[in-house]
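Undergrad: Sequence:
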Amino acid sequence: SSESRDNELVIHNDVSLPEDVIDMLGDDPESTAENGSLLHNELAKRWKVFLQNGLKKDDLLTILSKYDTPSNLSLLTAPILNPEVKAALQKPILSVDFSHSEGQNQLGKGLCALGKAISNILGNIENIPGDMRSGLLTDLFNSGRILT
600 SSESRDNELV IHNDVSLPED VIDMLGDDPE STAENGSLLH NELAKRWKVF
650 LQNGLKKDDL LTILSKYDTP SNLSLLTAPI LNPEVKAALQ KPILSVDFSH
700 SEGQNQLGKG LCALGKAISN ILGNIENIPG DMRSGLLTDL FNSGRILT
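For what it's worth, this note's numbering labels the leading residue of the sequence shown as 600, then goes sequentially.
It is possible that some hints are incorrect.
As the list claims (entries may be wrong) - Cut-off 30 Å, straight-line C-alpha distance, at most; resulting in silico cross-link-like pairs (BS3-like, lysine-lysine):
| # | residue 1 | residue 2 |
| --- | --- | --- |
| 1 | 647 | 715 |
| 2 | 644 | 655 |
| 3 | 644 | 715 |
| 4 | 665 | 644 |
| 5 | 708 | 665 |
| 6 | 647 | 665 |
| 7 | 665 | 715 |
| 8 | 665 | 655 |
| 9 | 708 | 656 |
| 10 | 655 | 715 |
| 11 | 685 | 708 |
| 12 | 708 | 644 |
| 13 | 708 | 690 |
| 14 | 656 | 715 |
| 15 | 647 | 690 |
| 16 | 690 | 656 |
| 17 | 647 | 685 |
| 18 | 656 | 644 |
| 19 | 690 | 644 |
| 20 | 690 | 655 |
Claimed, not checked - Here are the simulated distance ranges between beta carbons:
| # | residue 1 | residue 2 | range |
| --- | --- | --- | --- |
| 21 | 722 | 662 | 31 to 37 Å |
| 22 | 703 | 730 | 32 to 38 Å |
| 23 | 738 | 608 | 45 to 51 Å |
| 24 | 716 | 630 | 27 to 33 Å |
| 25 | 607 | 738 | 51 to 57 Å |
| 26 | 703 | 641 | 28 to 34 Å |
| 27 | 693 | 626 | 39 to 45 Å |
To be clear, the hints were calculated from the coordinates, so they are not data collected in a lab.
All residues carry an ideal CB built from backbone N, CA and C; glycine is no exception.
Whole structure, please, built from the sequences with the hints as guidance.
TA: Pasting the structure below:
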């Protein structure tokens, strides 16, 4: 019936929008800023999937198991609740604490991996050209600062 079709919304994706309408929509979230740096396409492609979907649990556990907390920086592991405090807390609060601890431990393992890479570079610093050394170490050190 024509009456039911009158109530149908038809979307035409192939229609070009006027510039003023595009301006109303705001900046294109997928466009690269003029000053924005670009990641290597192979890296960006993979990180995009991880950011959108996360890692498969088995893959994440395999990666996390590769990095032990360094003996000279135990702060990379989340603190454990005191048993007396734990006994006094309600289940929902314990659940939130557990979730936060898991996040802290995952971030700590990421910092362990980053720290291992930086330590390997520092251990072979004389083999890295000066111009590459400066940019590489600055970005890696800044990554560590941001994540801590």
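Undergrad: Next pair to validate is residue 685 with residue 708; report whether the Cα-Cα distance is within 30 Å.
TA: holds, 25 Å
Undergrad: Holds or violated: are the alpha carbons of residue 690 and residue 656 at most 30 Å from each other?
TA: Holds - the C-alpha atoms of residue 656 and residue 690 are around 25 Å apart, at most 30 Å.
Undergrad: Check the hint pairing residue 644 with residue 655 against an upper bound of 30 Å on the C-alpha distance.
TA: holds, 16 Å
Undergrad: Could you tell me whether the CB distance from residue 607 to residue 738 stays inside 51 to 57 Å?
TA: Given range 51 to 57 Å: holds, Cβ gap about 53 Å.
Undergrad: Does the alpha-carbon distance linking residue 647 and residue 685 stay inside the 30 Å limit?
TA: violated, 38 Å
Undergrad: Does the structure keep residue 690 and residue 644 at a Cα separation of 30 Å or less?
TA: violated, 40 Å
Undergrad: I want to verify a distance hint. Is the separation of the beta carbons of residue 703 and residue 641 within 28 to 34 Å?
TA: holds, 30 Å
Undergrad: CA of residue 647 to CA of residue 665, is that 30 Å or under?
TA: holds, 23 Å
Undergrad: Is residue 656 within 30 Å of residue 644, Cα to Cα?
TA: Holds. Residue 656 to residue 644 sits at ~20 Å (cutoff 30 Å).
Undergrad: Evaluate the given range 39 to 45 Å for the C-beta pair formed by residue 693 and residue 626.
TA: About 42 Å separates the Cβ atoms of residue 693 and residue 626, which means 39 to 45 Å holds.
Undergrad: Between residue 655 and residue 715, does the CA-CA distance stay at or below 30 Å?
TA: holds, 23 Å
Undergrad: Please work out if residue 665 and residue 644 have their alpha carbons no farther apart than 30 Å.
TA: holds, 24 Å
In this structure, the earlier hints numbered 15, 17, 19, 21 are contradicted, and the remaining ones agree with it.
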